[in-house]
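Based on the provided sequences and hints, a complete structural model is requested.
Chains as they are written, first to last, in the numbering used here: chain A, 3 to 241; chain B, 3 to 241; chain C, 3 to 241; chain D, 3 to 241; chain E, 3 to 241; chain F, 3 to 241.
Do not take every clue at face value.
Note: identical chains are not told apart, hence a pair may lie in one copy or across any two.
SDA-like cross-link-like pairs, simulated, lysine to any residue; straight-line CA separation at most 20 angstroms [stated by the list, open to error]:
#1 K30 with R150
#2 K30 with A18
#3 K125 with S67
#4 K103 with Y189
#5 K125 with N19
#6 K30 with E186
#7 K140 with A11
#8 K125 with A144
#9 K103 with D13
#10 K133 with A11
#11 K71 with D48
#12 K71 with A50
#13 K30 with R185
Worth flagging that the hints you see were computed from the coordinates, not collected in a lab.
6 protein chains.
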Amino acid sequence: MANTDRPTALDAGPEANLDPDMQAYFAKCMDKLGFVPNVLRAYAFDNAKLRAFIAMADDLMLGDSGLSKLEREMIAVAVSSVNHCHYCLTAHGAAVRQRGKDPELGELIAQNYRAAELPPRQKAMLAFAVKLTETPDKVEEADREALRRAGFSDRDVWDIAAVAAFYNMSNRLAAAADIRPNREYHYLAREPMDVIPSRATRGAAVDDRRPAPARNPQPGGGAPARVDGRPAWGILPLS
Amino acid sequence: MANTDRPTALDAGPEANLDPDMQAYFAKCMDKLGFVPNVLRAYAFDNAKLRAFIAMADDLMLGDSGLSKLEREMIAVAVSSVNHCHYCLTAHGAAVRQRGKDPELGELIAQNYRAAELPPRQKAMLAFAVKLTETPDKVEEADREALRRAGFSDRDVWDIAAVAAFYNMSNRLAAAADIRPNREYHYLAREPMDVIPSRATRGAAVDDRRPAPARNPQPGGGAPARVDGRPAWGILPLS
Amino acid sequence: MANTDRPTALDAGPEANLDPDMQAYFAKCMDKLGFVPNVLRAYAFDNAKLRAFIAMADDLMLGDSGLSKLEREMIAVAVSSVNHCHYCLTAHGAAVRQRGKDPELGELIAQNYRAAELPPRQKAMLAFAVKLTETPDKVEEADREALRRAGFSDRDVWDIAAVAAFYNMSNRLAAAADIRPNREYHYLAREPMDVIPSRATRGAAVDDRRPAPARNPQPGGGAPARVDGRPAWGILPLS
Amino acid sequence: MANTDRPTALDAGPEANLDPDMQAYFAKCMDKLGFVPNVLRAYAFDNAKLRAFIAMADDLMLGDSGLSKLEREMIAVAVSSVNHCHYCLTAHGAAVRQRGKDPELGELIAQNYRAAELPPRQKAMLAFAVKLTETPDKVEEADREALRRAGFSDRDVWDIAAVAAFYNMSNRLAAAADIRPNREYHYLAREPMDVIPSRATRGAAVDDRRPAPARNPQPGGGAPARVDGRPAWGILPLS
Amino acid sequence: MANTDRPTALDAGPEANLDPDMQAYFAKCMDKLGFVPNVLRAYAFDNAKLRAFIAMADDLMLGDSGLSKLEREMIAVAVSSVNHCHYCLTAHGAAVRQRGKDPELGELIAQNYRAAELPPRQKAMLAFAVKLTETPDKVEEADREALRRAGFSDRDVWDIAAVAAFYNMSNRLAAAADIRPNREYHYLAREPMDVIPSRATRGAAVDDRRPAPARNPQPGGGAPARVDGRPAWGILPLS
Amino acid sequence: MANTDRPTALDAGPEANLDPDMQAYFAKCMDKLGFVPNVLRAYAFDNAKLRAFIAMADDLMLGDSGLSKLEREMIAVAVSSVNHCHYCLTAHGAAVRQRGKDPELGELIAQNYRAAELPPRQKAMLAFAVKLTETPDKVEEADREALRRAGFSDRDVWDIAAVAAFYNMSNRLAAAADIRPNREYHYLAREPMDVIPSRATRGAAVDDRRPAPARNPQPGGGAPARVDGRPAWGILPLS
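This is how it looks when you write it as structure tokens:
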């Protein structure tokens, strides 16, 4: 039982007396998600480390950017796919399913973004993120230029790079410590949508998608499924 | 619309006039699964090719073997994870979820089997399958010996190898032709279980697992969820 | 002595009572080749497995296709070169030597097809097969397009992919089971030809090649060498 | 001229009006190092991003840990060597030279830590960091166990992982943005030492090393060399 | 016609006026082999380069060593197999066939030495050579120790390393310049032997091998085949 | 103490009675460099091996060529960076620092030549050398053509290939024998220059560079620093 409660294979120390800001953050997680993500529990042995991780993650994933929040989650998942990171694929796969309102998109990026037939902008974005993951030493001006040609500003390129780089860190910490994802992630946002994104709109806006043909509606139709009494879609994904 | 109907990026020819045995097989798929797996539709331009593929796949995955059907599906998924095969991860990921009666196990193997803390037998099995996938030229007697020490007979080793080798073929055909998985696979066997497998029993028998704590029961409790009016669990997975 | 008789390192079971069609197939091998290929002997512990393997191999390598039989053998050898498969390089290297009537071509493809200065069509074909072997997850529409530009139909692309995929399977089964090639393959079609293919015609038609200069004719000139009293060239290669 | 002043290839935006804490940090850099590290200048377009990076870097590299500060710098350099990161090899190579009081040690780790014949503790530490860098998906319990056997606590393992993971992030951001190291790093701590560490003491404590034989003493003997009037050794390395 | 006469894809300059020692060397090649190896013709634009290459190659392959000449050729071929070097696989594959008096051994090493079931000494030797080829940065004391345990002296280890290193050079020069092997190599030492080496004696001494069963004797039995009137076996292989 | 005197981990034999030409060569090293490079000491157990190595190295690095001596050293370092060769990065890194009169250039190439923003000619040169190092089997006519387009003659291509190939040999011998660089190399040519090469002139001629701004002049200004009483710049680098 202790086993399932320990979020990692490392016993880095007991949970610290959380500082008030960190207590508030954990409370917000419980309120919005119904659980504290295990990566945060793993960091909770030390307030400074926990705070630094949250500050960086939230700035990257939720702060101002020319990239949509969905796009940033797509980068997280594409990078984690290369690194075969169980934790991040589970947690951020759920985030892509939620943010994209597209349960299949999360799977697609987690498996192989090249099969997703994404719009050129997102394809260029993920190609850069994956090259940066696989062969960082071979990234050159031509790679930055390809992003600019795809419509990204230099600041966008920074953000793509920063998110991809951050998950190269997180993936490795999760692997080294064997951080186990909260089981709830597995079940979030799995319901079929009313509206099936065509290949042309996948990963882009969620408007004007054509209705999904011939699939068994969940009771309650396209309404967000509920997990533990909270809506599964529209929940703020946290790190 | 034709786009979503075409199961691959290749137009290898119109569907052949299916021979009676192949017609019967497709009908069985419709009856049991509610759809014909797209890999079969992709092969349907030629009766001989379709028949040969089905014969080999069914013998490997459903025929007599010292490996359980779940174990064979686990091999399929672990190999497909290395090869990042969208089709096979989707279709056989569903099969692992179904056969293991464990929605999380499919994800685990699709992401990184090493995070699954499987029993030694299955860990050895997947380690062999993955080495055979990544560096077939480096497989040696010591690798066969490791399987024998883990309790496998020589015939079992053959079966592990044959299944791993088969998905190295299928993954590549799916990648080359961009075979797209039927969308239904995404939604099969996603429901939380009543009984959570402990790490010790994961991937093994489904009996005597302890009850799942504190998760929202589906209406109808642990009963198989239903997709299109058919039970999602216990359905015969087909290639 | 048992050692040299066992065609693999695995004792998967005694040879089955072969069904009549399989008996007939083995007899055809003895008649045409003078031996039963060891990969078939390795499979002979089970009629269903043996039949499925033969059905798929013969359809792929001998069935109707826009690819010549030589081209399909070239794919088999190029894939096996990447995977360093002793069995397939030996058996299908012999097939390329025979079918191409060019003892050096088999060596070239087995060593490195890039050194062969093949015609653009075959170069594109092998480049695709090798990419599919090395990085199946990175095959994209651009790769299919390159084959179409080289003159291949979508059906041809399927066939290239299917043959390359099949040998990625066979290579791995041979590696896992340590299937040993029949020693006869080593000696088949080794004789110098009368006519040396120029780089321009290599791997293509065997007509109008210029006479080979200054090489010691075998007794009997360019006539097919004979192995065990049967002609070594023109023999139907079997899987 | 602007060219040499721009610390990266990306124009992510003008330097922000730095918040007082960030202004103070930059002033501390000028005071202690004589320059602001270019990675900080690269981040200076945004206070939140800059602060988050500094918070994480300083906690990891200067905070409490069972790892010495030199050991943490060694990890930074070993990881950066795998990733061929110009920025981090330059900046943290200087830090290893300084902290180790061993100009050659920085080179050794930057080139190939395996040539350094480090004590078993540090060899295990770097082997883990490099495996985590190269194949994070293959890190398993056995790897953690190897560190425990080498004398590390679970908290130490966390720290090794966190530092290695952090430089896998930094390396990638530096590569993506082409962050150029301040030229001063190249010249820091290059002077031969009075005392040559034997292979046995390399990377460990700096006491009781035997005197360096037969090398030209700098004026002032073993005293720290001076760069721009500040001592080059003993300077606090910053990120 | 010029095409087949040019031994490489580079026109590095006309053949130099060969110095007397180099003229004598070429004459010796003609006398013993019937041709001048193309790698020497490729070098012949410059006497100094030609002489240096010959000096190093002959010292390594023919000079005093604890390794037999066959073993050194086996290293050359195993290294060239990793690097897929057409020139060296062809020329040194012939040398292994000749020196081992075993036409199949050359194929085995060229394809995958692991399939050859060599004696432990030679397996260790080739494992070291291949690791040094694939990941020179990861060779450590443990690798040298493995060779010592297999019975090699430190001088032998040097020789294994020097030969493996030399062919990593030659392979790359051949690849870069597209040096084409003399066609005669393809046909050397292809005849079946009277005596089949068992797996136990393969690659070792050629004595006391049991007679080859049931294979078509060449006219003249086990006598060396003749190429251009010279015996094909027992010929001094040259670089 | 013996430990630091032994230049390698292998005891390949005592130093031979050096032949007069080799004695003279060692004396020249002492005179010009102040030490005998350890790679030569490692070879000194055998006059023939030592002579062959020196002959090839000196011809390649100091003989007539369309490549400058600096360019050849840059190739040596770029190759050694891929192979993480401690010996060659140390010795030839020093040579690039000296020959380029640019202490930072040596670091740049040793770390990652792509960060150096070299002129197109040298970028093409190093890209070829690195590809030849990493994937020699994939070098094709297109790669030679790229060099010709960058202004290199076929003879230049040969020289680029020959130098890159040679260091693929040397790197591996150094790794296998653990050849340790003379410690003096670490300290050679580390002094800041008066004149900072702009990115445009880096690696090219050393004339007309603009004066270095704001850096602490060494006593004696831009004059060559002195190591052991000999000038550190302008010294003939030896192998």
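Results for each hint:
Neither within a single protomer nor between protomers do K30 and R150 lie at most 20 angstroms apart by alpha-carbon distance, with minima of 38 angstroms and 36 angstroms respectively. Within a single copy, K30 and A18 get their C-alpha atoms as close as 18 angstroms, which meets the 20 angstroms cut-off; across copies the closest is 30 angstroms, which misses it. Taking identical chains as interchangeable, the C-alpha atoms of K125 and S67 lie at most 20 angstroms apart only when both belong to the same chain, with a minimum of 18 angstroms there against 34 angstroms between chains. Taking the closest pair of Cα atoms, K103 and Y189 come within 20 angstroms of each other both inside a single copy (14 angstroms) and across two copies (14 angstroms).
For the homomeric pair K125 and N19, neither the shortest alpha-carbon distance inside one copy (44 angstroms) nor that between copies (35 angstroms) is at most 20 angstroms. Taking CA atoms no more than 20 angstroms apart as the test, K30 paired with E186 passes inside one copy only; the shortest distance there is 16 angstroms, against 35 angstroms between copies. In this assembly of identical chains, the alpha carbons of K140 and A11 lie at most 20 angstroms apart only when taken from different copies (15 angstroms versus 34 angstroms within one copy). In this assembly of identical chains, the alpha carbons of K125 and A144 lie at most 20 angstroms apart whether taken from the same copy (16 angstroms) or from different copies (13 angstroms).
Taking identical chains as interchangeable, the C-alpha atoms of K103 and D13 are never at most 20 angstroms apart, the minima being 37 angstroms within one chain and 31 angstroms between chains. Proximity of K133 to A11 under the C-alpha cut-off of 20 angstroms is restricted to the inter-copy arrangement: shortest distance 18 angstroms between copies versus 30 angstroms within a copy. For a Cα distance limit of 20 angstroms, the shortest separation of K71 from D48 across copies, 19 angstroms, qualifies, whereas the shortest one inside one copy, 28 angstroms, does not. Taking the shortest Cα distances, K71 and A50 sit within 20 angstroms of each other only across copies (18 angstroms), while inside one copy they are farther apart (26 angstroms).
For the identical chains of this complex, K30 and R185 are intra-copy neighbours only, at 19 angstroms inside a copy versus 35 angstroms across copies, given an alpha-carbon limit of 20 angstroms.
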